[in-house]
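> Using the sequences and the hints, build the whole thing.
Residue numbers (the numbering used here), protein chains in the order written: chain S, 690 to 896; chain G, 14 to 260.
Hints in this document: simulated from the structure, not taken from any laboratory. Heads up, the beta-carbon is just placed ideally off N, CA and C, and yes, glycines get one too. Each hint should be verified, as a subset may be incorrect.
Capping the alpha-carbon separation at 16 Å, the derived lysine to aspartate or glutamate pairs in EDC-like fashion look like this [claimed, not checked]:
| no. | chain 1 | residue 1 | chain 2 | residue 2 |
| --- | --- | --- | --- | --- |
| 1 | G | Lys18 | G | Asp79 |
| 2 | S | Lys830 | G | Asp240 |
| 3 | G | Lys249 | S | Asp818 |
| 4 | G | Lys84 | G | Asp69 |
| 5 | S | Lys830 | G | Asp69 |
| 6 | S | Lys865 | S | Asp709 |
| 7 | G | Lys156 | G | Asp104 |
| 8 | G | Lys249 | S | Glu851 |
| 9 | S | Lys865 | S | Glu855 |
| 10 | G | Lys156 | G | Glu193 |
| 11 | G | Lys18 | G | Asp70 |
| 12 | G | Lys249 | S | Asp826 |
| 13 | G | Lys249 | S | Asp719 |
| 14 | G | Lys18 | G | Glu40 |
| 15 | S | Lys830 | S | Glu855 |
| 16 | G | Lys18 | G | Glu41 |
| 17 | S | Lys865 | S | Glu700 |
| 18 | S | Lys830 | S | Glu858 |
Stretch by stretch, here's where chain S covers chain G in the computed footprint (C-beta under 8 Å, at least three residues) [what the hints assert, rightly or not]:
| no. | segment |
| --- | --- |
| 19 | 29-43 |
| 20 | 222-233 |
| 21 | 243-253 |
For reference, the chains in residue letters:
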Amino acid sequence: MTGMLEVRSLEKIYTKSRLDRTPAFRLQADFSIDAPRVVGMMGPNGSGKTTLFELITGSNAPTSGEVLVAGRNIHKIRTDQRDRLAIHYHQSYQVRHFRSFKPNMLMEPARSNYPMLHLFDEPQFNTQDGYIGFMLDFFRKLQAEGRLVFLCVHPNERFHLEIVQEVCESFIFVEKGTVTPFADYPTMLAHEPAQAYLGDLLTERAA
Amino acid sequence: MTLFKARNIQKRFGARVVLENISLSVEEGTVHGIMGPNGAGKTTCFHVLTGFYPPDDGRITFEGHDITGRKPHQIARLGISRSFQIMNLFDDTVVIENVILALPDFRALSFNVTRNVFDDITLVDRALEVLDRVGLADRAWQKAASLSYGNRRALEIAVALAADPRIVFLDEPTSGLGAEATLRLMELIRNLREAYTIVIIEHDMRFLFELADTISVIHWGQVIAEDTPAALRANKWVARSALGDVA
Numbered sequence: 690m691t692g693m694l695e696v697r698s699l700e701k702i703y704t705k706s707r708l709d710r711t712p713a714f715r716l717q718a719d720f721s722i723d724a725p726r727v728v729g730m731m732g733p734n735g736s737g738k739t740t741l742f743e744l745i746t747g748s749n750a751p752t753s754g755e756v757l758v759a760g761r762n763i764h765k766i767r768t769d770q771r772d773r774l775a776i777h778y779h780q781s782y783q784v785r786h787f788r789s790f791k792p793n794m795l796m797e798p799a800r801s802n803y804p805m806l807h808l809f810d811e812p813q814f815n816t817q818d819g820y821i822g823f824m825l826d827f828f829r830k831l832q833a834e835g836r837l838v839f840l841c842v843h844p845n846e847r848f849h850l851e852i853v854q855e856v857c858e859s860f861i862f863v864e865k866g867t868v869t870p871f872a873d874y875p876t877m878l879a880h881e882p883a884q885a886y887l888g889d890l891l892t893e894r895a896a
Numbered sequence: 014m015t016l017f018k019a020r021n022i023q024k025r026f027g028a029r030v031v032l033e034n035i036s037l038s039v040e041e042g043t044v045h046g047i048m049g050p051n052g053a054g055k056t057t058c059f060h061v062l063t064g065f066y067p068p069d070d071g072r073i074t075f076e077g078h079d080i081t082g083r084k085p086h087q088i089a090r091l092g093i094s095r096s097f098q099i100m101n102l103f104d105d106t107v108v109i110e111n112v113i114l115a116l117p118d119f120r121a122l123s124f125n126v127t128r129n130v131f132d133d134i135t136l137v138d139r140a141l142e143v144l145d146r147v148g149l150a151d152r153a154w155q156k157a158a159s160l161s162y163g164n165r166r167a168l169e170i171a172v173a174l175a176a177d178p179r180i181v182f183l184d185e186p187t188s189g190l191g192a193e194a195t196l197r198l199m200e201l202i203r204n205l206r207e208a209y210t211i212v213i214i215e216h217d218m219r220f221l222f223e224l225a226d227t228i229s230v231i232h233w234g235q236v237i238a239e240d241t242p243a244a245l246r247a248n249k250w251v252a253r254s255a256l257g258d259v260a
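What follows is the structure in structure tokens.
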């Protein structure tokens, strides 16, 4: 069976400039997810979370490696149809911008109408307006319909941790370009960099 | 009976996707709410459902007939009416004139600027009838500009009702209204539900929880939840929010 998402030896290197090719930032990832679920993603600002989302949805080209969504290499799909396989939901509004040197007619059609992957990039959660519950239900509904959901959260309040514990089954922690998957929340918390990142929120929680 | 139905509606503006995939059904004789946080795509949804923007994908049906891509005036003629978030009245005229100008019988006559709007007594009577429905009959001969904000909203609804629609779409009717005017508007819409099917697009959850029979919650250009107000209120995060006290 083909996995829902396979991220194979993926690497994205940003160099200091066009002339100075010294790597300024390197993101590396290698993991796969076989079943529909809600995956929580966390990590400090600038660790590469959004870059990873862009690479998975095909709006950013990898330096090497590949991303397979439902067995299809997303970077070989026509740019105007990539969102039929994977959608990157930005913080405020949805812009789909794809660049490719290859014309669409030379690329593969998506052959799908309803995207397999839904990647939510730091959605705004506001405890006052009551929408959180509907958002979480929506993630669960997508999962029940056989979709894979990524929920990227940058927790700065304790209820953010409540949200991810309530809705996410497994986790991915991104730090300085290193992507580490975890089977569940306690395993992620045992990871020292994750502990350091969540630091204050965890102590407040214990208090 | 399902009066109005939208299936898999998508709307893009260049690279910006505003409506990803909207599907909803409105049953005849009900009040259907569409709510969502800021930027969810509510107003675009309103414009697409009422024919102001054609969708890029998807189908809209009214009484079982496909009306996708029809022009706003064609859609209006079928019995779909709408009132806007931004006040859209002729301020320098009297209240009743705003309604007469919107009556189909008046509009059907060739446009003649010299014609007196008040010449035809049946039109005046018809307009008074409409004004009575929104509680403005006794203010018919006042200048529209002299109305309070809440009454202006009521007049706008009267303008939408003038065409004798089967279904009325209201875009953020509470916008700009204070607490008391909002309560009066709630009462007005409650009275109208006897005669019309009503779709209200609104960010004020409390308002919809009070009025709607069913609610579609939209976010990210999609329907993320759909249920009765009672079921939506039961969500534990709603109970924890500022709405908890009314839930």
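> For a C-alpha distance cap of 16 Å, please report whether Lys249 of chain G and Glu851 of chain S respect it.
13 Å, holds
> Would the pair Lys865 of chain S and Asp709 of chain S pass a check requiring their Cα atoms to be no farther apart than 16 Å?
21 Å, violated
> Sort out whether Glu193 of chain G lies within 16 Å of Lys156 of chain G, counting only the CA atoms.
Violated - the C-alpha atoms of Glu193 of chain G and Lys156 of chain G are around 22 Å apart, more than 16 Å.
> CA of Lys249 of chain G to CA of Asp719 of chain S, is that 16 Å or under?
Given pair Lys249 of chain G, Asp719 of chain S is violated - Cα atoms ~37 Å apart, limit 16 Å.
> So if I understand the rule, the pair passes when the alpha-carbon distance is 16 Å or less; does Lys84 of chain G with Asp69 of chain G pass?
15 Å, holds
> For the pair we were handed, Lys18 of chain G and Asp79 of chain G, check the Cα-Cα distance against 16 Å.
Roughly 9 Å between the alpha carbons, so the hint for Lys18 of chain G and Asp79 of chain G holds.
> Please verify the coverage claim for the segment 243-253 of chain G: does it have three or more residues whose C-beta sits within 8 Å of some C-beta in chain S?
As far as the segment 243-253 of chain G goes, the hint holds, because 6 residues have Cβ atoms under 8 Å from chain S.
> Is Lys18 of chain G close enough to Glu40 of chain G, meaning Cα to Cα at most 16 Å?
9 Å, holds
> Hint check: Lys865 of chain S vs Glu700 of chain S, CA-CA at most 16 Å. Holds or violated?
Roughly 13 Å separates the two Cα atoms, so the pair holds.
> With the threshold set at 16 Å, check whether the alpha-carbon distance from Lys865 of chain S to Glu855 of chain S stays at or below it.
Violated. Lys865 of chain S to Glu855 of chain S sits at ~27 Å, over the 16 Å cutoff.
> Holds or violated: Lys830 of chain S with Glu858 of chain S, Cα cutoff 16 Å?
14 Å, holds
> Does the alpha-carbon distance linking Lys830 of chain S and Glu855 of chain S stay inside the 16 Å limit?
Judged against 16 Å, a Cα distance of about 14 Å means the pair holds.
Taken one by one, the earlier hints fail for this structure at numbers 5, 6, 9, 10 and 13, listed in ascending order.
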